[in-house]
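If you follow the hints, you should be able to join the two separate chains into one complex; please do so.
In the order they appear, the protein sequences are chains V and R.
Using the numbering used here, the first residue of the first sequence is number 1, and each one after it goes up by one.
Using the numbering used here, the first residue of the second sequence is number 84, and each one after it goes up by one.
Everything labelled a hint here was simulated from the structure, so no lab data went into it.
The beta carbon of each residue, even a glycine, is placed where N, CA and C say it ideally should be.
Any given hint might turn out to be false.
Derived pair list, reagent style DSS-like, types lysine-lysine, alpha-carbon separation capped at 30 Å [said to hold, decoys possible]:
{"hint": "1", "chain 1": "V", "residue 1": "K47", "chain 2": "R", "residue 2": "K116"}
{"hint": "2", "chain 1": "R", "residue 1": "K117", "chain 2": "R", "residue 2": "K196"}
{"hint": "3", "chain 1": "R", "residue 1": "K116", "chain 2": "V", "residue 2": "K63"}
{"hint": "4", "chain 1": "V", "residue 1": "K34", "chain 2": "V", "residue 2": "K63"}
{"hint": "5", "chain 1": "V", "residue 1": "K34", "chain 2": "R", "residue 2": "K93"}
{"hint": "6", "chain 1": "V", "residue 1": "K79", "chain 2": "R", "residue 2": "K98"}
{"hint": "7", "chain 1": "R", "residue 1": "K229", "chain 2": "V", "residue 2": "K63"}
{"hint": "8", "chain 1": "V", "residue 1": "K47", "chain 2": "R", "residue 2": "K193"}
{"hint": "9", "chain 1": "R", "residue 1": "K196", "chain 2": "V", "residue 2": "K47"}
{"hint": "10", "chain 1": "V", "residue 1": "K52", "chain 2": "R", "residue 2": "K196"}
{"hint": "11", "chain 1": "R", "residue 1": "K93", "chain 2": "V", "residue 2": "K63"}
{"hint": "12", "chain 1": "V", "residue 1": "K34", "chain 2": "V", "residue 2": "K52"}
{"hint": "13", "chain 1": "V", "residue 1": "K52", "chain 2": "R", "residue 2": "K229"}
{"hint": "14", "chain 1": "V", "residue 1": "K52", "chain 2": "R", "residue 2": "K98"}
{"hint": "15", "chain 1": "V", "residue 1": "K52", "chain 2": "V", "residue 2": "K63"}
{"hint": "16", "chain 1": "V", "residue 1": "K63", "chain 2": "R", "residue 2": "K196"}
Stretch by stretch, here's where chain V covers chain R in the computed footprint (C-beta under 8 Å, at least three residues) [stated by the list, open to error]:
{"hint": "17", "stretch": "85-97"}
{"hint": "18", "stretch": "102-108"}
{"hint": "19", "stretch": "114-123"}
{"hint": "20", "stretch": "209-220"}
What follows is each chain in one-letter form.
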Amino acid sequence: MARGVEEAGISTVCTTFRRDIIELVRPPRVLSMKFAPGRPLGNPGDKDMQRKIIEAGFELLQKDIHDMTITDLPFRLKKFGLF
Amino acid sequence: MLNSLALTKKLIRTKYPSFEYAVFSDTPVAPLKKPLRECKLALLTTGGLHLKTDTPFDTKFLDGDCSYRVLPGAVGREDIMVTHESYDHRFINEDLNCVFPIDRMREYVKEGKIGSLSDEHYSFMGHIFAAGPLLENSRTAGRRLKESGVDIAFLTPT
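Chain R on its own, in the form it takes in the complex (with noise of 0.2 Å):
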């Protein structure tokens, strides 16, 4: 019996014959230097949620689009729209933090939890079947928080 992991590679194998996992050996850690309460954070998904202005996601692109959108600091519902294809969007039209937890953290901004949030979040598709470029724009995004003072990232892969 197959388990949980050779399962879905075998079912993504049926869409995509070359699939691997991307597996690594060690764990890169940038250790917290300074209090919560002084830090800013930034949201990072990968719900294919963009600007309604924003271009789409291209989900017809077999290897998964590895491209991220901005979601901007005071982004609201009515700005976002999703576009992915694998997973129920029943929930997150009900509430938006169930993916993307923004009203949450400003929330502990207000109680002084943590200090501020990001002018920038960041936005990826997940359902990527070649990886390679993922990595690559997410040290895109992660060198363009470090720029803007970002200190902790809290992420939601779907």
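In isolation and in its complexed conformation, chain V is listed as follows (with noise of 0.2 Å):
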């Protein structure tokens, strides 16, 4: 998704909780995660999580990149059921 939106000449950024798929697809700018499916801004509700991970995302938009560049983040999720 992040390469069709790019190559039109928007700067994108994007969150993954799967580090291996995305080196694969190679987009520009990631966020990892170690998160689970469903919840790619963390644990509903948490506001300063989402906070923190948007601005990892604005800060790695404001960088001279020129190839994949990933961006890990040691955030956690709270347990919920299954995850």
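So this is what it looks like as structure tokens:
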């Protein structure tokens, strides 16, 4: 998804919880977190975590990059049932 | 022992025997050409979000539904539903922003951190086994966003 949008001239940043899969498709700016499906911005209601993740994305958007650049973020999810 | 990539592929192939990962060797980079405070931002997600009034995604199509739905800039939580069978909806039901951070982005506009938000945001399905049409549709979304003056996009795959 990032590839098509970036080709149109829009700077993108994307989140992922599967660093291994994202490395195959090579989008330019990636925020990698050890999350689970369904919560790319972390725990519901955790505004502070959401803002920290988004602001890490803003920081990455302002970097001069020329190839895939991944920022690993240390956030963790709360336990919810199976996850 | 299989690594996580091989294990995921094995699991997918139980449903979709010809599945292969999409692999690219290059990275397209569109450099940011203006300060963040002047940029117009759009959200894109693969969370299967769509307006309640819109046609739901097709969750029965084996290849995966590569189409997209447009979410208007003024969209509210009450306007949105989710058609996506591959993740737990408890989280988004509790807080839209953990998948589609529209309230956070509206805060950043008010704070002057970013310039404005797009009049259109884009939602795709995840769980796509045949990725070709997805790339073409993301190019279409990109062109439409570019034509409307969008500078940056925040993507939230689910």
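Each hint tested on the structure:
no. : hint            : result
1   : V:K47 - R:K116  : 29 Å, holds
2   : R:K117 - R:K196 : 13 Å, holds
3   : R:K116 - V:K63  : 11 Å, holds
4   : V:K34 - V:K63   : 23 Å, holds
5   : V:K34 - R:K93   : 22 Å, holds
6   : V:K79 - R:K98   : 29 Å, holds
7   : R:K229 - V:K63  : 21 Å, holds
8   : V:K47 - R:K193  : 16 Å, holds
9   : R:K196 - V:K47  : 16 Å, holds
10  : V:K52 - R:K196  : 14 Å, holds
11  : R:K93 - V:K63   : 37 Å, violated
12  : V:K34 - V:K52   : 15 Å, holds
13  : V:K52 - R:K229  : 27 Å, holds
14  : V:K52 - R:K98   : 37 Å, violated
15  : V:K52 - V:K63   : 17 Å, holds
16  : V:K63 - R:K196  : 16 Å, holds
17  : 85-97           : holds (count 4)
18  : 102-108         : holds (count 5)
19  : 114-123         : holds (count 3)
20  : 209-220         : holds (count 4)
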